[in-house]
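Same order as they appear, the protein sequences are chains A and B. Quick note: the first sequence, position 338, residue 338 per the UniProt record's numbering, numbers continuous. Quick note: the second sequence, position 86, residue 86 per the UniProt record's numbering, numbers continuous.
Among these hints, one or two may not hold up.
The calculated label-pair distances, taken between Cβ atoms and stated as ranges, are [stated by the list, open to error]:
1. G94/B to N95/A: 47 to 55 Å
2. N364/A to N29/B: 56 to 64 Å
3. D428/A to D50/B: 42 to 50 Å
4. V431/A to S32/B: 42 to 50 Å
5. D121/B to P72/A: 21 to 29 Å
6. Y120/B to T63/A: 50 to 58 Å
7. A100/B to R68/A: 27 to 35 Å
8. D118/B to K376/A: 19 to 27 Å
9. D25/B to M340/A: 56 to 64 Å
10. A100/B to E194/A: 39 to 47 Å
11. D25/B to E216/A: 52 to 60 Å
12. T395/A to Y120/B: 26 to 34 Å
The list that follows gives simulated cross-link-like pairs (lysine-lysine, DSSO-like), each with its CA atoms no further than 30 Å apart [what the hints assert, rightly or not]:
13. K24/B to K377/A
14. K109/B to K376/A
15. K333/A to K377/A
16. K129/B to K377/A
17. K429/A to K129/B
18. K64/A to K80/A
19. K429/A to K167/A
20. K109/B to K129/B
21. K12/B to K24/B
22. K348/A to K12/B
23. K14/A to K24/A
24. K12/B to K405/A
25. K200/A to K333/A
26. K24/B to K54/B
27. K24/B to K376/A
28. K376/A to K54/B
29. K54/B to K333/A
30. K80/A to K167/A
31. K429/A to K64/A
32. K200/A to K229/A
33. K12/B to K54/B
34. K54/B to K377/A
35. K24/B to K392/A
36. K14/A to K80/A
37. K377/A to K405/A
38. K392/A to K376/A
Keep in mind the hints are simulated off the structure, nothing from the lab. For each residue, glycine too, the CB sits at the ideal point set by N, CA and C.
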Amino acid sequence: MYWEREFETLERNKLRSLQLERLKRTVKQAIQSPFYKELYQRKGISADRLRHVEAIRELPFTTKQDLREHFPYGFLSLPKRDIIRLHSSSGTTGNPTVIFHNRHDISSWANLMARSLYCAGVRDTDVFQNICGYGLFTGGLGFQYGIERLGCLSIPAGAGNSLRQIKLMQDYGTTAIHAIPSYLGRLYEVFQAEGLDPRKDTDLRLFVIGAEPHTEEQRQRIEDMFGVKAYNSFGLSEMNGPGVAFECTEQAGLHIWEDAFLIEIIDPETLEPVPDGEFGELVMTTLDREAMPLIRYRTRDITRIIPGVCACGRTHARLDRITGRSDDMFIVKGCNVFPMQIEGVLLKVPEVGSDYLITLERINGVDEMIVEVEVKKDWFNGDIARLDRLSKFITHQIRDEVLTKPIVRLVEPGSIPKSAGKAVRVLDKRVFDSVKL
Amino acid sequence: MAYQVSIFLENKTGHFERVTRVLKDNGINIRSMTLTHTVSGWGILNLLVDQPEKANQALQESGLSSALRRILAFGMEDHPGGLDDILLQLAQAGVNFLNAYGRVLENGKQALLIVDVDDYDLALEQVSKIDLYPLNDEMVYGN
């Protein structure tokens, strides 16, 4: 039932005490980093002043901008010789967001990941295929370490190549899968094209889906297509990656591991806490990270804490689905994209204008990012091959920047609204909902 | 040296008509045309008209991406096999096309083959070697 009963079912008041103890430790550890040392000295902040968890509200927020400005080592709280791994965001415009881990951090993350998977019903008897990019992206190694910690037979399949994925499932009798929801629709089509029915021709029983916003309907469709149970997961690279919050078998919200993360929900305008159960921006503090603690990190994700207790017996709060962002970032096919990145690419292409429109649309069950750009009038010479080359060039440039392939549409000049003031640059036509209880 | 007018068009309802309306308003007569569509949602409209410069200018002023593009035009006989005769010569000369279309000049007697090539100067050199010469502009644009 539980991976770590003592932590997962800890009474709320004891959980609170544990959080306070770990928060103090975290602040002490954070002060070892150049960034927090300077900030906290300037503001006269010390760990001793924290008498209760709520006192965290007196500490300043940390933002993605801070991480970028103090790239690469400004947040490091340990000597570099103690660090054993880094994970980093994609992108070539500006500094990436990089997170460092020591041996303890990697082990703690693996444990949270194993706890998360166990909570969704994964057991050591499962054959777990991780259909996810390995490398700097946290979804690959993050899941890998958790699957191994739990004791499953792991198949580090990586992303893409659906035919090979299906062959792996059949050869080794895969029972559990982690993938982004939009990929699973595509995978099902390949099953059909091969004349296979995943319900009959595989041993699949459980999916973990996440890293991309999706609806309850999408989840149900995936469950029906494959004849499995699908569980939602949540994570962000700044908080290790996957393993931050996970659905249990009740499928009634995502348990966020409060012994490892202190959470607040704030109003992104006033920066004050919102009333219990209301939607706001998720702010997180690491409670068990040594190499790079982050305090009051603004995730920009909009969600809420689901009121009440869960039937599973876990005492850790449940997050609702992420319903939006308090900045302009969006997620498509598991990749975080800022419109500024697209703009940066287009500015380097003299053949097109600087105006653009990004449309996010679900086409045949797969989320697509459509980027419309105007071809400059004086560059056009009637050569169709030249336009085609341009379109392909922009597609590759954007793919290199954001790690997901866009659909680039060249459009007539003047057809995109000019960027005067707050022009709409992103049109999200996908539908998302929150948990219904 | 003859020109066609090439226009960048999105594949959307009414966009083709936007072009023909400009031509109508400016008294321009179309002799022949091709419309190419790509899977990416856009295409190119190639027009052979009686007054290419005027047409190009009017289309640009109306906000469209339009360009004059050099073409080669060859005469051929308007009877079965007429196109094959000229294509055989062009193949022997080594000319490769990006696009081609035609028009009848005089029913049963004379027709016109219009060819869009990647390298205009090279193509001209290739055809001159086999004593084949493009038609003059009046023939191409005229009645």
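Problem - Hints violated by the structure (listed by number, smallest first) - result: 2, 5, 7, 9, 14, 15, 16, 17, 19, 29, 30, 35, 36
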